[in-house]
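Just so you know, the sequences run in chain order Z and P. The numbering of the first sequence is our numbering, which starts it at 1 and goes up by one. The numbering of the second sequence is our numbering, which starts it at 1 and goes up by one.
Incorrect hints may have been included.
[Claimed, not checked] Subject to a maximum C-alpha distance of 20 Å in a straight line, what follows is the list of computed SDA-like cross-link-like pairs (lysine to any residue):
{"no.": "1", "chain 1": "P", "residue 1": "16", "chain 2": "Z", "residue 2": "256"}
{"no.": "2", "chain 1": "P", "residue 1": "30", "chain 2": "P", "residue 2": "11"}
{"no.": "3", "chain 1": "P", "residue 1": "121", "chain 2": "Z", "residue 2": "173"}
{"no.": "4", "chain 1": "Z", "residue 1": "156", "chain 2": "P", "residue 2": "20"}
{"no.": "5", "chain 1": "Z", "residue 1": "156", "chain 2": "P", "residue 2": "97"}
{"no.": "6", "chain 1": "P", "residue 1": "121", "chain 2": "Z", "residue 2": "171"}
Just so you know, the hints here were simulated from the structure itself, not pulled from any lab data.
Below are the chains, spelled out letter by letter.
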Amino acid sequence: MMTGAIDIGWLELLLATFFIMAAGAVSIAMSLGLLQSLAIATLRTYLQLIALGFVLTWIFQIYTVWIVLGVFLFMMLMTAQISLKRVKHKPPNLYFSTLSAVFITGIIVTFSVTGLIVQVEPWYEPRYVISIGGMVLGSIMNGIALALERLFDDFKKRAAEMNQALAFGGSPWEASLPSIRTAITAGLIPTINSMNAVGLVMIPGMMTGQLLAGADPIQAAKYQIVVMLMVSAATALGSMISVYFAYKRAFDSEWRFIF
Amino acid sequence: MMSNTVLPLLTAESLKIQRGEGQSAKLILKGDAKCTFIIETGQFYYLTGPSGVGKSTLLWTLARLHPLIAGILRLHDIRHTEITVARWRTEIALLPQRPVIMQGTIADNLLYPLHTFHIQKERLKERQESLPNVETLERELHSVGLNDLPLEREATSLSGGQQARLALIRLLLTKPKLILADEPTAGVDKIAADLVFNRLHQFCETGGAVIMTSHMYADRIKNAQIQLDGQGTLQLIDN
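With the sequences and hints as input, model every part of the structure.
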């Protein structure tokens with residue numbers, strides 16, 4: 001089905017840097033003070049993606065269950081850590097509950113797609129599991145970060161209301177429910193927006209990639225639909241589960257608000 | 001089994017309470033025999049003591065919203081550990097210093113606890129009551145001088161004094177046994193404060209009880225005083 005994209009030579013790759021150097025020049029001219037961060041970000045893009053290329057080459061060659069699962073596990077650990085890092089004010093001991101949310105969502109969504117929809121053979125085929133898993137975990141990360149950030153932010157704002165709810169005999173769940181709703185909504189809105197805009201404003205990255213690789217546009221569209229829905233499902237599930245595990249951390253066992 | 005009228009409403013034995021943690025922790029009650037008192041139905045108690053001595057913290061502890069390090073609370077002779085937190089807080093109810101008014105109408109606010117919380121719905125069922133009707137809500141509004149406010153009015157637009165009274169009758173509609181009123185008249189004009197104070201008194205006369213902290217009205221409390229002395233002990237003065 002795919003004829004493969006035209007290979008980019010190393011020299012040509014460096015040529016792409018020219019455009020970012022132009023942006024750097026603008027930064028200097030307008031004294032935006034962005035030159036250093038721009039340079040670091042460019043360097044990281046090169047290093048991280050080339051490293052990723054080598055790692056994927058290695059994984060695709062070795063082709064063993066344990067390596068694939070090991071890499072997937074590592075990706076899930078990173079997902080939990082990075083999404084928590086992005087939440088500024090939070091109660092302690094959130095790591096394990098967040099990790100559980102990543103595990104549950106990541107495994108369910110990734111393997112539903114590879115196993116039930118794409119039906120890869122063997123089930124651990126790294127080309128699919130790792131790339132689809134990566135997209136799933138990326139959206140889980142965004143969903144969790146946005147939802148938890150909003151949850152604890154809203155808790156802070158509603159502190160008096162939360163205590164009043166508890167004083168009326170309300171449970172932590174009942175006291176938290178308005179914030180939980182806000183948080184899950186916040187986690188989902190970017191996804192819903194991008195689902196509405198997809199194909200109108202831009203051709204999504206994955207579809208572009210397949211088109212460049214010579215795939216049939218309808219075929220590429222089908223893949224993109226699967227990816228889009230899977231990404232939305234992952235965001236939704238990830239933010240819901242993480243919020244469900246996390247809200248309890250703001251209370252003690254005697255139903256007191258301790259955040 | 002003894003009836004509720006002879007049993008004290010609430011007994012507090014050897015309470016140990018502190019505020020804050022670690023270096024900045026402050027001992028409010030030290031947990032000996034001088035940290036004991038009894039609250040009777042029908043009585044109005046005035047909680048006094050120098051500012052910062054822990055009056056609010058004591059009230060929050062009695063509502064089990066602040067941790068009790070040692071000691072026993074009994075509601076009608078049942079230990080606090082044998083009553084769920086939810087039920088306890090509906091019987092021994094805190095009226096917070098600043099009224100918490102929700103987005104929505106006056107009626108929404110009055111019905112908010114009875115609508116929202118499982119334990120409140122359960123208690124309604126136990127009392128074999130339904131949600132209060134419009135007449136009841138209006139009668140309650142009248143009892144604190146909020147005569148001319150339509151139930152459909154947005155509650156967040158009310159003045160501070162009106163909100164304080166709204167919060168009080170919202171609490172009364174949940175039928176607690178004891179109200180812990182934490183400065184319920186702070187920042188409220190004299191007329192509204194009198195209405196709040198009189199309504200709390202009326203609550204005592206009709207089978208309730210009140211513990212109140214306030215800078216006003218000290219002279220008007222003839223019944224009883226709980227004095228926090230700042231030395232980690234308290235004294236109950238029963239006139």
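Going through the hints against the structure:
{"no.": "1", "hint": "16(P) to 256(Z)", "in the structure": "holds (18 Å)"}
{"no.": "2", "hint": "30(P) to 11(P)", "in the structure": "holds (17 Å)"}
{"no.": "3", "hint": "121(P) to 173(Z)", "in the structure": "holds (16 Å)"}
{"no.": "4", "hint": "156(Z) to 20(P)", "in the structure": "holds (19 Å)"}
{"no.": "5", "hint": "156(Z) to 97(P)", "in the structure": "holds (18 Å)"}
{"no.": "6", "hint": "121(P) to 171(Z)", "in the structure": "holds (13 Å)"}
Violated hints for the displayed structure: none, as all numbered hints are satisfied.
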